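Student: Line order of the protein sequences matches chains A and H. Here the first sequence stands for residues 1 to 402, where the numbers follow the working numbering. Here the second sequence stands for residues 1 to 381, where the numbers follow the working numbering.
No wet-lab data here; the hints were simulated from the structure. A portion of the hints provided could be inaccurate.
As the list claims (entries may be wrong) - A partial selection of chain A residues facing chain H, derived with a Cβ cut-off under 8 Å:
id, residue
1, R28
2, L32
3, P186
4, V187
5, A204
6, A234
7, T253
8, A259
9, V267
10, P268
11, V272
12, A315
13, R335
14, L337
Keep in mind it's a predicted model, so treat the numbers as computed, not measured. Even glycine gets a Cβ: it sits at the ideal position worked out from N, Cα and C.
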Amino acid sequence: MARCRELAAVSEESGRLTRRFATPAMARANALVGAWMTAAGMEVRVDAAGNLVGHLPGTDDAAGTLLLGSHLDTVRDAGAFDGPLGVLAAVACVERLRGEGTRLPFSVDVMGFADEEGLRFGTAYLGSRAVAGDFDPELLTLVDDDGVSVADALRAFGGDPDAMGGASRRGERLLGYCEVHIEQGPVLEGRALPVGVVDAIAGATRVELEFTGQAGHAGTVPMAARHDAACAAAEWVVAVEAAARREPGLVATVGRLEALPGAPNVVPGAAVASLDVRHADDAVRDAAVGALRAEAERAAAARGVQVAWRVRMEAPAVAADPALTALLAEAVDERGLPALRLTSGAGHDGVALSSATGVAMLFVRCAGGLSHHPDESVDEADVAVALDVLHAFVLKLAGGLP
Amino acid sequence: MYTPTYAAALDWVSDRMRDAGLEVRLDAVGNLFGRWEGSERSAPRLLTGSHVDTTLNAGRYDGVLGVLGAIEAVELLRDAGVRPRRSIEVVAWAGEEPRFGTGCVGSRMAAGELARADLDRLRDREGTSMAQAMRGAGFDPDRLDDARIDPAEIHALVELHIEQGAVLEAHGQSIGVVSAIAAPHDVRLTLRGAATHAGATPMGLRRDALAGAAEAMVALERAARESPSGTTVATVGVVRVRPGAINVVPGEVELDVDVRDSDLDAREQVVAAIVDGAREVAERRGLELEVTPIVEDVPVACDERIVEAAEAACRELGLSYRRMTSGAYHDAMIMGRRVPIGMVFVPSVGGISHHPDELTAPDDLDRGVRVLAGTLARLAA
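So here's chain A without its partners, still in its complex pose (with noise of 0.2 Å):
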């Protein structure tokens, strides 16, 4: 913890924490935790797509490897946990087996994931894709705020964009992935527990809608006579909420908001509103975008208002892989704490890796659940529990062996 906030320290700008894909404040993290990584006996490298890769060989040469970490980057004016959490916790465990003379059979990797929040180029998961084997060169193109393009962005970076596939670890033999993360979000804390093991991580679907009605003066249109979007829109709104609380796991988001022209004193002729749908089980989520619609329509069609409907993203739900998820429950098991089997809402690394490996994911319970703030804050007890847990998931591992 004390690392996490050393770590938060390494920033882009004074006096907050922000911290985007291959800038010099990446760099200096990659340094900062390679050095760590470098006193806990690994091997550290940056690879081609600039995610921090911290080594520690095993015995058997065969054994494959297993991947540890999270991601290093962060959002804007981030707090210190959400992914360096994950990375220095793996840090702290392969500390832990050398000191006590641990010699696992596999090979660990601890991963310092370069770009999951995607705050520069709007990407997702660039670092952890590359990994996985799935890195779109198209992406290359890409240009941030200033004009500067992710290849050269990389390049600056000591990374190599024109051999991607070096980052690759698809066809090793990975033994599967394993994140420790802050929750962001409450359900631990209501439950008085300090972790949790993620099931699934939710798919989700992302939708923007424009609803069209008639601008009018605010004065003179009867009630009857208006075509107001914004109502419509609010309308829609509440529907959204309603719908998502019937179904259990669902989560429906409405973020955005906005009435256009956007005068006190004119009825709204627009209004545009975005989506946000999440469940683990694609199928819930599609019949609830398809129900979400049709309200939208309804609302619509109530006040003589057009809707536009457009889905922005698709994302499926990834499952946990079932062996690796009940070795971590186990561990929790044995800690005298029931096992809380939840969903991911938030997206992770692990949803990139799971096309190449198996992944499992350790949530730490985080105070209100509150996350992508300065004030994002765990207990330090919540934390020595997970490192227990994630030892006792090696050792597992290792003993579970052929």
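Once you've looked at the hints, dock chain H against the given chain A.
Tutor: What follows is chain H alone, placed relative to chain A:
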């Protein structure tokens, strides 16, 4: 108002006033006057005009017709050889449309309804105070009182305006003679909950400010539809969602609420229903509610003599007309609390206003100017 574009518009209008032989004067806060001297200088004068500032992405006639139409009406009277006993002043009031949250600030300042402290308090959406904007435009906010108009010096005020509604069109009539102006009661409702992760926060553990605000908006629409007068209108024209990100549950929402009626009791019942509804929603959802008063104006009745003068002008010209209530807010309403006022409406095609498609047929514009001229001639005699 108080922008370089607005200053350029005032320059252009000043030139048109001078072309019409009017004596031009800009007051201490940016209201523009063009005076046609009457034969009896000391007699209380007539005011006629409207505004030349616009709403965002506006039409061409809202306000502008009342200023340019008044200049044309003066020209018509002069060409017809009329020599008015009372002086007639054409006025372009500053800031009818609400840049600073409150409308009609030019006429409010002339009526003495804004205090010096209000000029620091009222701010536009960029956070610029009205006082700062005035200084930037070359006006001294400390000279506010110089803009006051003594009601005893005003015999009548007449404003020509587009209807901004579809009543005249629906009845196939040329002119609306306004009998009363509905007034707004505006409040801002701020709902505060908790901004949390859209993926990681289960529905049951959210305090979603937008879901609460949306419920309040639906209740607002229903309250207006069920108004006892049947004429109340309620609008949420501005919705501000914070932080406003696709993957964050909204933590704070502001709604700008506008409620209007010429029936004051009905309007206040609807406002109370809206605020009570929002309070109930906030309590049930564990949200914090703040109700900020923006403006609360009293509906104003037009002066019967002016109404009759306008009707007489219509009859003389052989035009169909109706008495009607103005749902929109006008500068005349502000002055109407202190001096006798009247308004003349011309039809709006499709009732469309505050929109680039705003249109009044050229013949109807011409009829409106002639009715205004006839009304002024009667009142100035």
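Student: Against this structure, judge whether each hint is valid.
Tutor: Each hint tested on the structure:
no.: 1; hint: R28; result: violated (28 Å)
no.: 2; hint: L32; result: violated (27 Å)
no.: 3; hint: P186; result: holds (5 Å)
no.: 4; hint: V187; result: holds (6 Å)
no.: 5; hint: A204; result: holds (7 Å)
no.: 6; hint: A234; result: holds (4 Å)
no.: 7; hint: T253; result: holds (4 Å)
no.: 8; hint: A259; result: holds (5 Å)
no.: 9; hint: V267; result: holds (5 Å)
no.: 10; hint: P268; result: holds (6 Å)
no.: 11; hint: V272; result: violated (10 Å)
no.: 12; hint: A315; result: violated (11 Å)
no.: 13; hint: R335; result: violated (23 Å)
no.: 14; hint: L337; result: violated (20 Å)
The structure does not agree with the numbered hints 1, 2, 11, 12, 13 and 14 stated previously, though it agrees with the rest.
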